[in-house]
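*Asks:* Here is what each chain is made of, one letter per residue.
Number of protein chains: 2
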Amino acid sequence: MSSRAATRVFQGVEEQIATGQLKDGEKLDEASLAERFQVSRTPVREALLQLVGSGLAIQIPKRGCFVKAPSVREMVEMFEVMSELEGMCARLAARRISEQQLTALKSANAGCEQAIKVNDSDLYYRKNVEFHECIYSACGNTFLAHETRSLRRRLQSFRRLQLRVRGRMSQSLGEHFDIIEAIEIGDTDKADFFSRKHVTIQGERFNDLLIQMEQEQ
Amino acid sequence: MSSRAATRVFQGVEEQIATGQLKDGEKLDEASLAERFQVSRTPVREALLQLVGSGLAIQIPKRGCFVKAPSVREMVEMFEVMSELEGMCARLAARRISEQQLTALKSANAGCEQAIKVNDSDLYYRKNVEFHECIYSACGNTFLAHETRSLRRRLQSFRRLQLRVRGRMSQSLGEHFDIIEAIEIGDTDKADFFSRKHVTIQGERFNDLLIQMEQEQ
DNA sequence: CATCTTATTTTTGTATACGATAGTTTCCAT
DNA sequence: ATGGAAACTATCGTATACAAAAATAAGATG
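Protein chains in written order, with my numbering: chain A, 65 to 281; chain B, 65 to 281.
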């Protein structure tokens, strides 16, 4: 719980956009947001600025802020970039990883395995994040790590759903093993390839989900 | 000239960080910034938030904002990522470019050639941006285009210096021809390779410059 | 003389008030 | 009745005022 009102508003709106409570194009009215979060307009405005900065809202001068939920097309584009970034992280990690970092990576993956055993998708989710986090820190490029983490965060709310898809967890785990092996033997091309594939499959699963959701309506 | 005071402050501070008037770690005091730009603290705070968002400053809660000029290490890291992104843009552009876009690309490069003829580095700078902009829009991924453009902007102030380095302009132009040819024949691997190389050389030139600057002191 | 405590001061974070501008509504003229 | 103009309203952008927190400085006590 942050002591800053602006941060609370930012995270609150972010959450509501992710959960779909705030729909695309909806107006982010300063006054009503201030009312809802029981703060004045000042922190609300700061939150809106940050939302615009992170691409979750757009601002039309003298007109106001509006929710900018990514379209299907933008999601596909983001997955395309994510695939590249993850591949780059893995490729660099294959060259630069330390023994200690490799141990941590394997440990995180063991956590994933355990999560599947007890069929705990939330645990899998957390351990999966840990797994990828290990690769990010092992890539030896903090800027790249930051950018990749940031994009992962933007795709995250959807990803949580994807892992609940039947059989996805164990398939994902299998891909992890491929990635680990490639990194361990220092095979940059394989590490790159399997990591890209890992993301691409996520992207395709996401697309499946969208089509499914459309049919349900 | 933007009508918004906040934007004026943001761009002003950004400029002063780029030119080195504001040094790394220096405190961005709200009151004195307000004084210097003849505005109140409110737009100054908004500007600072945006600076933090774009990585040019860091904010320590209840302590204030401080200039965060990238270290040499971070610059190298950014070039590493830039190389990847530019490569990706070119690779996709090689698959997706339209006739019209190809014409625009060649035209921009002709502008570069002209700039060299009249020895106008500022013109070269602008036409070079136009050249890369063509590739970004031809890659068919607006998200990628946006991210790449954003990173380019962050490396920009240094790049302007680099192009003044002896012989760099004509070397850069030669690399452009390689990239154009690869894109034109739809050779994704070559487009990727030459674009990465183009950035990497820029990075190395940047490093040369740094070493040179250190020796001058 | 050193250290801890407390008071002062500086600065951040939030609230409110005011001015300006874009959008809307109403009224008048054709 | 319809189109345009003017007044009105709503909301944005900025300024200022106030409250809270942290740094600094000063004083007291061991």
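Please keep in mind that the hints were generated in silico from the structure rather than gathered at the bench.
Be a bit skeptical, because a hint or two may be false.
[Said to hold, decoys possible] No more than 27 Å apart at the CA atoms, straight line, and that leaves these computed lysine-lysine pairs for DSS-like:
(1) B:Lys91 <-> A:Lys254
(2) B:Lys87 <-> A:Lys254
(3) B:Lys254 <-> A:Lys261
[Claimed, not checked] Reference listing, derived: stretches of chain A covered by chain B, where coverage requires no fewer than 3 residues with Cβ under 8 Å from a Cβ of chain B:
(4) 109 to 119
(5) 135 to 142
(6) 199 to 211
All figures in this text were calculated on a predicted structure; none of them were measured in a lab.
Where is the CB? At the ideal position from N, CA and C, for every residue including glycine.
*Asks:* Compare the structure with the hints numbered earlier in the document and write down the numbers of the violated ones, lowest to highest.
*Replies:* 1, 2
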